[in-house]
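Peer 1: Listed below, chain by chain, are the residues.
There are 4 protein chains.
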Amino acid sequence: MIVVMEQGAGPDRVQAIEAVVVEWGLRTHVSQGDERTIVGLIGDESNVNVSALEMMAGVDRVMPVLKAYKRASLEFRTERTVVKIPPARHGDRGLTIGGTGVVVMAGPCAVENREMILSLSAFLKGAGAHLLRGGAFKPRTSPYAFQGLGVEGLRYLAEERSVVGLPIITEVMDTRDVEMVAEFADILQVGARNMQNFNLLKVVGRCNRPVMLKRGLANTLEELLMSAEYVINAGNEDVILCERGIRTFETLTRNTLDLSAVPVLKRESHLPVVVDPSHGTGHWDLVAPMARAAVAAGADGLMLEVHPDPAQAISDGPQSLTPKRFKALMGELELVARAVGRNLH
Amino acid sequence: MIVVMEQGAGPDRVQAIEAVVVEWGLRTHVSQGDERTIVGLIGDESNVNVSALEMMAGVDRVMPVLKAYKRASLEFRTERTVVKIPPARHGDRGLTIGGTGVVVMAGPCAVENREMILSLSAFLKGAGAHLLRGGAFKPRTSPYAFQGLGVEGLRYLAEERSVVGLPIITEVMDTRDVEMVAEFADILQVGARNMQNFNLLKVVGRCNRPVMLKRGLANTLEELLMSAEYVINAGNEDVILCERGIRTFETLTRNTLDLSAVPVLKRESHLPVVVDPSHGTGHWDLVAPMARAAVAAGADGLMLEVHPDPAQAISDGPQSLTPKRFKALMGELELVARAVGRNLH
Amino acid sequence: MIVVMEQGAGPDRVQAIEAVVVEWGLRTHVSQGDERTIVGLIGDESNVNVSALEMMAGVDRVMPVLKAYKRASLEFRTERTVVKIPPARHGDRGLTIGGTGVVVMAGPCAVENREMILSLSAFLKGAGAHLLRGGAFKPRTSPYAFQGLGVEGLRYLAEERSVVGLPIITEVMDTRDVEMVAEFADILQVGARNMQNFNLLKVVGRCNRPVMLKRGLANTLEELLMSAEYVINAGNEDVILCERGIRTFETLTRNTLDLSAVPVLKRESHLPVVVDPSHGTGHWDLVAPMARAAVAAGADGLMLEVHPDPAQAISDGPQSLTPKRFKALMGELELVARAVGRNLH
Amino acid sequence: MIVVMEQGAGPDRVQAIEAVVVEWGLRTHVSQGDERTIVGLIGDESNVNVSALEMMAGVDRVMPVLKAYKRASLEFRTERTVVKIPPARHGDRGLTIGGTGVVVMAGPCAVENREMILSLSAFLKGAGAHLLRGGAFKPRTSPYAFQGLGVEGLRYLAEERSVVGLPIITEVMDTRDVEMVAEFADILQVGARNMQNFNLLKVVGRCNRPVMLKRGLANTLEELLMSAEYVINAGNEDVILCERGIRTFETLTRNTLDLSAVPVLKRESHLPVVVDPSHGTGHWDLVAPMARAAVAAGADGLMLEVHPDPAQAISDGPQSLTPKRFKALMGELELVARAVGRNLH
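Chains as they are written, first to last, in this note's numbering: chain A, 1 to 345; chain B, 1 to 345; chain C, 1 to 345; chain D, 1 to 345.
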């Protein structure tokens, strides 16, 4: 950490800082410039009260040098995390996320009914999908919109897994529901609106299930990593990061899918990175090109909305692929994956 | 709701839409332009599946005409909501938010210890503050940062109320904590990060306490009103809206305080509007000018961070006022309030 | 165009609107909903004064139905524009942008000196680049930063073309310079900061040279197409669009490269689309993954910064590729291009 | 300037940096932390090639300590700039911008015709306005929109000045027009879209007229000050800064008026600060509250759009005040100005 003094700040100001810093158990290193004095802090920065420093007389700014996240960083752990999903049924093969394979999670926005889940899942499995996505609890902007089937939806997902065999990823929104959802889900999804619901992060962090953490609409990648740090710090190291579009001024897309998040997160962290081009664009005709681009950029997986009849979907129809388009896309993705030295398993 | 057809969409496309709309119990009104056909929907729009419409063949766009929020809107209820806070102690006077008076909520970011709360509160009351703010549960970006005193903090606040007499506003972050926090707080605060924690909104909506809802960092004013709608729809009409800065590209302020939110929200809704210039700017020297500006723009109240010794604050020191500066600001605010026909009680 | 009336607006309000609209030479179509009346306008909308409509008594909103751009739209011209660049030298082959080939424009941020241009260009040509990029006039945030070599730089570029044979793309910043720059350049580049310098757009629109128009930092895709419309409307149909990153709250990248711009622009317009991942990310290590992603998303070309010694570059060193890395990237791009049914010529 | 080394960067890396820095004529100061080494640069930073430093082996980041603008900063010149506008006619009183008085610039978005200018100006002067605003050259998103009357419009403004006596502020968009516009205008306005049209800044910087520089839609306050630096550096010290709203995700306002720009710019710079709530909000009913708020926040002036008949305005009608509303607002502003120790002259 570096403390930049104001122009003209005298040696008494600097000494006052040194006194405080020593109290916190660190050392200082003073550098006298032509216009400014700079005080470097040496030692364990977790003891530093940054706000206190910023408020001290003669201080212009305090600049961090080290990163705020540790256990999520590639500096801390240089071996990449590979999340293992056990087989859904006896005799099936398990799954890994973060290896050379590119994983595809597909399914409807919301679990709408039993038949749809069972028949769609069978189709998706045949087309090469690896996980079934589907929300039983839905965060909706309007209190008048469909809020999900709840436990009933979870039961349909459980039936799907035992009958069809695709493992499940589904969202949990409430600290009170984590334990129950974890009984049904192979991966717990924390949605964009809950990325900084820190209590929820702590609870899923004490859970024995992989967690996929979606980037908030207005959150920086550093904040995403800090939220991952909450989960890891609570004891759960199986964290998957997901880019799903950020909020900008552009209006022709629902969100702005920030694909540069993929190489940035791979550079900063050892955690696997998944991209959701359905929410990221909001229009089904943009999903295929952005899914291909995500794989070309190095994503470890994709989350795709597929609906047997998008025009009848209860939510997010416009961004859902038809089963036919999904199947065609899987073929395209395989080609792009190979072009960058990977595959779809 | 208006359905804009694609160029060249034939009468069969339009008839298909009419058929669906009639099934939902509405009527249509078709308008044939030179380049486009437009289908207006007449009737109860809550039955319409917008996504389904958007996905139908020949449809270019579906445009809403009515607002998504109802009970929070000034059209629905033309009389402005005045939230009543009962007296903290027997013999004290109660408080109203949303009337001609401008209400000042002041206090530290976090409840740090008992002595600080009691002595600061006495000072604030003497300087004219109406409510004490102070967080017992703190949402922090880093898991390594101070997370608040929890129940212990709530007890200090309760003691303050019975001894000093300032009513309390404090944040609740978790559905599991609402009942308990409501025992201590006069106003429940839902923080910016939880503005779209819909389960939390439902639970505080079933609570017998006024709720102050802070605008999320990247949320539109329409979304803020939709979140208010969640609370009202669950049964709680005492909702206060709070502008506290949005996330933009500007870096010299912590957030961009969007003061135009005040007149926009007053035009759209009957709910009172409070402004938090401390979080909205992130720097104590910007708090006074922006607090004055908020009152001049028509705010019903202010939320201000005050700390006896900002340099020693555990969190948010740089944006906290000293007691001395707070007192000076109260004098300035009274002058501005009078200039716009209001007062600080 | 649709005029949405306020709730309770009476028939006199609607008649007043009809009277004005008829004066402008259009017809109206009135649709009476349960809560609102809607007036549709039929006829040539270029005669409509939208502001006037919005200000009329009883009007809530005016909503456009048609797109504001015409000649840049795919509706207006369904055949995709293919921009032809003539051979740089007698005997060389010409170049097309917007066909099945993916075009690579490479070179330094700024023309720094003659030797660098000649030797780098020979290398780039050998590695498969199609055009040389290099700025002679540089828009710099600081008046104290290097502003480019000016005409001297243009002369080096001209020499390169006659000696090495790569056609030239270079920026023009000033209406006074267009004629001169057009003598040297094969493609005129209008930079992001000048995307809405409408006088410059008009002047390059009267010029007999293809124009590459870069999206402004905070401009919507619709505004980009409106700026293209300025150029086309002034007589120049050879317009190339370029996505180069937009300004958001994210700080780990210099800009947020909005790759969804590629499929959106291809859906809305017949003009070719190029992506600049160097400016779009600001870091050389992000350039390769985002260049691959751009090709996978369907871009017609790439603009890449390459410098013989990035550490000595006068500007934009950190986002420049070394020649060696550029060559490796060209191989990767060829594989991705083939995976999506294209090639690098 | 501070160079933060990567973790594990050895002494040879540091020595390489020292060697380069010494070559540039500066000294270094090395600080050895527990995890990182930090190299401080001491001396004239204008000789430093930041990009080169960032690219050197072992370097993680380069962090600026000094501000990039000098002559626009309050550190450089501690006395606040007061711009003097000479009397429009013999016998009139001159005007100052940046003193205790709050200056009001009012008028139509565009100069539409002679009569409107003369009669409106007489009204505005009577109501207390200090300058007449009105565009003869209009930057419009669409090539099909009204582009202004050009020189004819300037002549009407000149006639107004000699007949009515309000000094003129009008926009210049093109380097070729600066000399001509300067003959007619008392203040040259550089619009938001041209804030980083650096050639235009240089040309108005060599002009003998005060310049009002509007903040770009997506420009930081630091960039605004850098653009002011261009004008001052070219020789013109009479620069006025203008906040007029930035682009964000919010849709209920045309732009987000960033009033915190006022106290930030007053803290960073000695230049006067004006606020334009008409463009900043886009809706006339938001103009009055935001104008009052701007004065309460410390603005030195306001720019307000007034039109005799907003419903007939060629551009920006919805954000224009009627003369009646303008007059009422002037009364309100006088009260707020006095409440913060200022006046409207």
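Hints were generated in silico from the structure; no laboratory data involved.
Quick caveat: nothing in here was measured; it's all calculated off a predicted structure.
Incorrect hints may have been included.
[Stated by the list, open to error] Listed next, the in silico SDA-like pairs over lysine to any residue satisfying Cα-Cα at most 25 Å (straight line):
(1) Lys125/B with Ser73/B
(2) Lys125/D with His283/D
(3) Lys327/A with Met56/B
(4) Lys125/C with Arg267/C
(5) Lys70/D with Lys327/A
(6) Lys67/D with Pro139/C
(7) Lys67/D with Gly282/A
(8) Lys266/B with Lys67/D
(9) Lys70/D with Lys125/D
(10) Lys67/C with Glu179/C
(11) Lys266/A with Ala328/C
(12) Lys67/C with Lys327/A
(13) Lys70/B with Thr220/C
[To be verified] Stretch-level coverage of chain C by chain B, calculated; a stretch enters the list once three of its residues show a Cβ under 8 Å from a Cβ in chain B:
(14) 26-35
(15) 39-46
(16) 99-105
C-beta atoms are modelled at their ideal positions from N, C-alpha and C, and glycine is treated no differently.
Peer 1: Does Lys125/D sit within 25 Å of Lys70/D, going by the straight-line distance between their CA atoms?
Peer 2: Violated. Lys70/D to Lys125/D sits at ~38 Å, over the 25 Å cutoff.
Peer 1: Checking one constraint from the list: CA of Lys266/A to CA of Ala328/C, max 25 Å. Satisfied?
Peer 2: holds, 20 Å
Peer 1: Does Ser73/B lie within 25 Å of Lys125/B when you go C-alpha to C-alpha?
Peer 2: Violated - the C-alpha atoms of Ser73/B and Lys125/B are around 34 Å apart, more than 25 Å.
Peer 1: Next pair to validate is Lys67/D with Gly282/A; report whether the Cα-Cα distance is within 25 Å.
Peer 2: Outside the cut-off at roughly 41 Å; violated.
Peer 1: Need the status of pair Lys70/D, Lys327/A: alpha-carbon distance at most 25 Å?
Peer 2: The hint is violated at about 60 Å.
Peer 1: For a C-alpha distance cap of 25 Å, please report whether Lys125/D and His283/D respect it.
Peer 2: holds, 24 Å
Peer 1: For the pair supplied as a hint, Lys266/B and Lys67/D, confirm whether the alpha-carbon distance does not exceed 25 Å.
Peer 2: violated, 40 Å
Peer 1: Can the region 26-35 of chain C be counted as covered by chain B under the rule of three residues or more with Cβ-Cβ separation shorter than 8 Å?
Peer 2: holds (count 6)
Peer 1: Does Thr220/C sit within 25 Å of Lys70/B, going by the straight-line distance between their CA atoms?
Peer 2: violated, 31 Å
Peer 1: Given the hinted pair Lys67/D and Pro139/C, is their alpha-carbon gap at most 25 Å?
Peer 2: holds, 20 Å
Peer 1: Examine the region 99-105 of chain C: at least three residues should have C-beta closer than 8 Å to a C-beta of chain B.
Peer 2: violated (count 0)
Peer 1: Are the Cα atoms of Lys67/C and Lys327/A separated by 25 Å or less?
Peer 2: Distance of about 33 Å is beyond 25 Å: violated.
Of the numbered hints given earlier, the model fails hints 1, 4, 5, 7, 8, 9, 10, 12, 13 and 16; all others are met.
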